[in-house]
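Engineer: Each chain, letter by letter, is given below.
There are 2 protein chains.
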Amino acid sequence: MSDSEVLARELSTTLRRIVLLLRRAVAGQPVTPQQYAVLGSLEGGPRRMTELAEEHAVHLPTMTVAINRMEDGGLVTRGSDPADARVRTVELTEDGRSRLASVRRARISYLAAQLETLTPDEREELATVLPLLDKLGRADPPR
Amino acid sequence: MSDSEVLARELSTTLRRIVLLLRRAVAGQPVTPQQYAVLGSLEGGPRRMTELAEEHAVHLPTMTVAINRMEDGGLVTRGSDPADARVRTVELTEDGRSRLASVRRARISYLAAQLETLTPDEREELATVLPLLDKLGRADPPR
DNA sequence: ATTGAATACTTAGACAGTCTAACTTAGACT
DNA sequence: AGTCTAAGTTAGACTGTCTAAGTATTCAAT
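Note that the protein sequences, when read in sequence, are chains H and X. Counting from 1, position 34 in the first sequence corresponds to residue 34 in UniProt numbering; the numbering is continuous, with no gaps. Counting from 1, position 40 in the second sequence corresponds to residue 40 in UniProt numbering; the numbering is continuous, with no gaps.
Be aware that a few hints might be false.
Note: identical chains are not told apart, hence a pair may lie in one copy or across any two.
List time: in silico DMTMM-like cross-link candidates among lysine to aspartate or glutamate, alpha-carbon distance up to 20 Å [said to hold, decoys possible]: (1) 135 / 54; (2) 135 / 124; (3) 135 / 55; (4) 135 / 125; (5) 135 / 10; (6) 135 / 116; (7) 135 / 121; (8) 135 / 95.
For the record, the hints were derived by calculation from the structure and aren't laboratory data.
From just these sequences and the hints, can you work out the full model?
Structural biologist: Structure, rendered in structure tokens:
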């Protein structure tokens, strides 16, 4: 068994725990976890439906209904691409942006409280390794 | 701003990316992500409904219907606590155990492929810091 | 020993998230 | 023009989630 596999096994366990932790962090917030995730994708500017669906690993119709609901709720607006009449773009509204900010604040403060259970040294060590996790998440999906 | 908050901010971003990565890892598998998560909680033996609900940060009725469906699907069975007739326990069936194993294999092999994009040194570094993330996830929820 | 409150769980009803299948419209390519 | 492909949407089915309400059991305090 390769060292990647051994590590993957441990990583899988750890990530499971982290996912449960995050669920707690956003439980009871005024947007669902899925909405929070999509809003985050829109922070940098308008995105196409297809891009959003791929990024979140859902099929296009799923994203369509998700965006429909957020549009109804005033969190996003749809636009068009002047260069290609088939594509729809999605953009944050002011409401969407502030909603995103407030949920993010809650999430960050939850994580910060959680981080207080580590020692300063441990936090330091964690900080140095975050870019690695980032790289891992950013890598092109294999296969 | 405390160092925990600064770190929490970066951690939040990184974890967002990791969550999207994991969504890809289990997309198209024969159990839903939620079912996979619950099956994982049962690996060590029977658990009570209330425990499961708390661990997954959902309300009890949510867990009830989730378990109902998995029971219908033959993945788990319900039992009783001889010491307290109110509590129901939930246990993996053989089918449930093998289903869990197969999804886990898929997830781990996806992560392993992803880890191949790092250098051996980076993997080593990641390995040393995993226990920290584990501790973070295991800490008692603040507040 | 009885009763009243709390605990563990389930059911029901509403709505969000997800999928597949089918449709519409627009661009691309002879 | 005519066909193929790409981008989105709609519809229908099922899962995931919540709140509200109900049942059964245990516990506590007279």
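Engineer: Indicate, hint by hint, whether the structure satisfies it.
Structural biologist: Cross-check of the supplied hints:
1. In the homo-oligomer, the alpha carbons of residue 135 and residue 54 lie at most 20 Å apart inside one protomer (18 Å), although the nearest pairing across protomers, at 32 Å, exceeds that limit.
2. Proximity of residue 135 and residue 124 under a CA criterion of 20 Å is satisfied in both settings, with 19 Å inside one chain copy and 15 Å between copies.
3. Proximity of residue 135 to residue 55 under the C-alpha cut-off of 20 Å is restricted to the intra-copy arrangement: shortest distance 16 Å within a copy versus 29 Å between copies.
4. In this assembly of identical chains, the alpha carbons of residue 135 and residue 125 lie at most 20 Å apart whether taken from the same copy (17 Å) or from different copies (13 Å).
5. For the identical chains of this complex, residue 135 and residue 10 are neighbours both inside a copy (18 Å) and across copies (13 Å), given an alpha-carbon limit of 20 Å.
6. Proximity of residue 135 and residue 116 under a CA criterion of 20 Å is satisfied inter-copy only: 11 Å between copies versus 25 Å inside one chain copy.
7. Taking the shortest alpha-carbon separations for residue 135 and residue 121, only the inter-copy value of 14 Å comes in at or below 20 Å, while the best intra-copy value is 23 Å.
8. Taking the shortest alpha-carbon separations for residue 135 and residue 95, neither the intra-copy value of 31 Å nor the inter-copy value of 36 Å comes in at or below 20 Å.
Violated hints amount to a single one, hint 8; each of the other numbered hints is respected by the structure.
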